[in-house]
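Input sequences plus hints: build the corresponding full structure.
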Amino acid sequence: MKTIGKRLYLGLCFLFLYAPIAILIIFSFIESKNRATFTGFTFKWYQALFHNDLIMRSLWNTLLVAVTASILATLFGTIAAVGISGMRKRMRSAMMNVTYLPVINPEIITGISTMLLFVYLKEVLHLELGFFTVLIAHITFCLPYVILNVLPKLRQMDPSLYEAALDLGCGPFKAFIKVVVPEILPGIASGFLMSFTFSLDDFIITYFTSGSSFSTLPVTIYSMTRMKINPQINALSTLMFLFVLVLLLLMNIRKKGHQSTARRRA
Amino acid sequence: MKMRKTVCLLCSLLTCFALFSDSVSAAPETRTLRVFNWGEYISDGSDGSMDVIQEFTRRTGIQVDYQVFSTNEEMYAKIISGSADYDVLIPSDYMIGKMIDEGLLAKLDFSNIPNYRYVDDAFKNLEYDPTNEYSVPYTWGTVGIIYNKTKVTEPVDSWDILWDSNYAGQILMFNNPRDSYGIALKKLGYSQNTTNRDELDQATDELKKQKLLIQAYVMDEIFPKMTAGEAALAPYYAGDAVTMIGDNPDLDFVVPKEGTNRFVDAMVVPKSSPNKDLAEQFINFMLEEDVALANIEYIGYSTPMSNVKARLDEEVQNSFSYPDDEVLSRCETFVNLDEETTAYLQDSWTGVLSYGDSSIGDILFLAVFFLFLIGIVIYFTVKKHRNHTI
Amino acid sequence: MKGKKALALPYVVWSIAFVLIPLALVLFFSFTDKEGNFTFENILKIGKYSSIFVKSINLAVIATLICFLIGYPLAYIISRSREHVQRNMLLLIMLPMWMNFLLRTYGWMTLLENEGIINKLLSLIGLGPFQMINTQGAVVLGMVYNYLPFMVLPLYSILVKIDKSIIEAAQDLGANGFKVLIRILLPMSLPGIISGVTMVFVPSVSTFIISRMLGGGSNMLIGDLIETQFLGGNYNPYLGSALSLVLMVVMLLIMAVMNSLEEDDMEGMLV
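Residue numbers (the working numbering), protein chains in the order written: chain A, 1 to 266; chain B, 1001 to 1390; chain C, 2001 to 2271.
Honestly, the hints are just simulated from the structure, not real lab data.
Among the hints, a few may not be true.
[Stated by the list, open to error] Computed Cβ-Cβ distance ranges for the label pairs, DEER-style:
#1 A:His126 with B:Asn1112: 25 to 31 Å
#2 A:Glu183 with C:Ile2182: 40 to 46 Å
#3 C:Ile2043 with B:Asp1065: 35 to 41 Å
#4 B:Ala1343 with C:Asn2259: 37 to 43 Å
#5 C:Met2188 with B:His1385: 19 to 25 Å
#6 A:Pro159 with C:Val2180: 39 to 45 Å
#7 B:Glu1332 with A:Tyr120: 38 to 44 Å
#8 C:Ile2182 with B:Thr1150: 55 to 61 Å
#9 C:Lys2161 with A:Ala164: 31 to 37 Å
#10 C:Ile2043 with A:Gly40: 55 to 61 Å
#11 A:Leu242 with B:Glu1326: 55 to 61 Å
#12 C:Pro2073 with B:Ile1374: 25 to 31 Å
#13 A:Tyr9 with B:Ala1343: 49 to 55 Å
#14 C:Ser2165 with A:Leu168: 41 to 47 Å
Think of the CB as a built atom: it goes at the ideal place given N, C-alpha and C, for glycine as much as any other residue.
Rendered as structure tokens:
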């Protein structure tokens, strides 16, 4: 009895989570533009999607920003985390507060405040809003996630390891690469992944900082949802869902593979 | 010492930006024209029509960066905030007047726009640009009521029907102050361009009364919602109505007897544009007969060029897209209101949209909730304290 | 050890330039008028919008409560199932998060419309049609839908650590299910509750997309109001900044209250 209740509850929750996605997928194959009728099976929205320059360009922009921002934020954030871990208590807690600001601040406030700065910079330096401003904004909101993932790993690490490497004749840089980095690698990796995902998915901050001629996929999607009918949105959603599904399945299989090899080794 | 280091770093950072921005503005050898237009307001090549943007690039080799907006105010915010730059804008009449008054637009060199001679005289020297130095008309049209004949059986001829409680939850309304107040003022029999506070306040009351009946405040979404039969009544543009009736024959369109807004959307060039020559080339291109015809056929709005109108189907020429003088005599064109009135309108509109919120129940709920929260906090702190003392 | 500190310097500079200075600009704009003079006018004007503040907080509170009520049992069930089932279910919960939230919200628009799927299905059994889209309920639903994973994940990560034997011990000592929940599970999962509640409440109270897509324009929230001051219909960054400032202060106050519940410092909030 209890398990049936549990199953039912889980089923309802997942129905709730997946119903809108299922609807989008179904509609992506329906011919009529009109959302109220189901007629005809078609692939034409997919064809139209691939010929839609705006969407393809936005997709490319999104990937470009996400890759660059997450790599730069990871590098920069790891170094910063090492620096912060070397600070004295008061300085460190001040720094942590600043680091938490973009995390706890509502996104809209981060968005409008950086927009104010960029508009000001534009007047002074003629820096146009576009790729670079979006990149800077993304790096800024990714940095805290990298730092917050790396810091605990640094704290767990035995500081004498690094000192031992120095005593054994390593230079500080080499010691860092050879000893510290492998220890904190899981933190770096999850920081990078989080940065990449957040950057890929960000709408609000990009919306405020992207200016006239640069738009990422979420911004384009937003303007599409406000216009007249456009079933290409459904096709796009379906493809994105499939992509994510495949990606997660692959990751899952890889993980399982790892575990089984690990078990075998043991 | 530390301070100086920080300052140094900041400076170098800023120089970096300066360098970046230089390289950005110097890099593109091929110049790009940035066009900012209403959504779905240009022939885009679907269903065998001409892809106007591509055609321009093909004829001139100039790349076009094409972006869209959904209200005049949204377009204005992008320009004035400095967050975006464009070379050609296509706003409506009153917004053009406002931008001229604020010195945001560049005077056009009409020798670069020889096709301007095809524009009818009736669309030259209009109120928003009296000496016609800044703008070239693109389309015009009227605002009327689009309604679903299966849901509305009585004859529709007045704005009053948008206040009819029989259609509660079935009415859509414009989500911008100028258009919504325009309708409310016309319903009351006042001018759409009134600056009289008393008349505006009456309109505010009307709109608040109407709010209970409104399904949604939207702009372009009126198009899909009406064609899908989501709502029974909505104000919309005559030009789109042609397309919508084509998609859903249950729909019909009428210009109310109280009169309405006749708008003109025109092409202008902002002062900040570094590509004014290209912009003028683009405007001239848009006035080419085949291009203008493709656009008008695609978007369904009315053309200010009689040579283009003559090539449209007879049926279209006689449709409500080209109303007769009797209808036009009941229309008004928006003019730019003074800053104070605009701000007043905007504030009142926010008041309309948030009307009916925060009943005493809501506030009570919040108060009880926060008291509860504070109670929990106190409970835990006391408990913690006790544990410590033990 | 000493040289290490210098490594943080670029980050310090970056944070000042792109986190603190922008916030300082918000503060500056809040107290400035169009001509650049100091003024209190923007802040005073906010009183007029208090009903919008109340509504935003109200809807966000309701959404957070519902998220908690749905999310807690969900997280508990997941945390008590077998390990590979746990992983798969977590995956299923995170999967929609990877798809852009605009698209998912758009999906709800299609479902909730008057002529939408739900009303069509209801009409088959002779019910409806119900007005679902463009209501406050739809806005709350959008919030719950989009932010539910933010509630479930932190709750799960705490609940999974609670040893089964503790619950069994309590039951052996005669505690019923309700008592176990009140005396053991809830207090032990408090950190998870706090971070879950924060992660749902903050984006809910400041959203402008959900209210616009599902609320039909007549459910104006504080996020909408701020957005229209910057990129929407009525350009007024001075008022917009003042609104943001007030929102930020309200937020920090609520956060401070939440954090006082917890003994740990802020560093325990996310990780």
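Structure-based check of each hint:
| no. | hint | in the structure |
| --- | --- | --- |
| 1 | A:His126 with B:Asn1112: 25 to 31 Å | 26 Å, holds |
| 2 | A:Glu183 with C:Ile2182: 40 to 46 Å | 42 Å, holds |
| 3 | C:Ile2043 with B:Asp1065: 35 to 41 Å | 39 Å, holds |
| 4 | B:Ala1343 with C:Asn2259: 37 to 43 Å | 40 Å, holds |
| 5 | C:Met2188 with B:His1385: 19 to 25 Å | 20 Å, holds |
| 6 | A:Pro159 with C:Val2180: 39 to 45 Å | 42 Å, holds |
| 7 | B:Glu1332 with A:Tyr120: 38 to 44 Å | 40 Å, holds |
| 8 | C:Ile2182 with B:Thr1150: 55 to 61 Å | 56 Å, holds |
| 9 | C:Lys2161 with A:Ala164: 31 to 37 Å | 33 Å, holds |
| 10 | C:Ile2043 with A:Gly40: 55 to 61 Å | 57 Å, holds |
| 11 | A:Leu242 with B:Glu1326: 55 to 61 Å | 57 Å, holds |
| 12 | C:Pro2073 with B:Ile1374: 25 to 31 Å | 27 Å, holds |
| 13 | A:Tyr9 with B:Ala1343: 49 to 55 Å | 52 Å, holds |
| 14 | C:Ser2165 with A:Leu168: 41 to 47 Å | 46 Å, holds |
The structure shown violates none of the earlier numbered hints.
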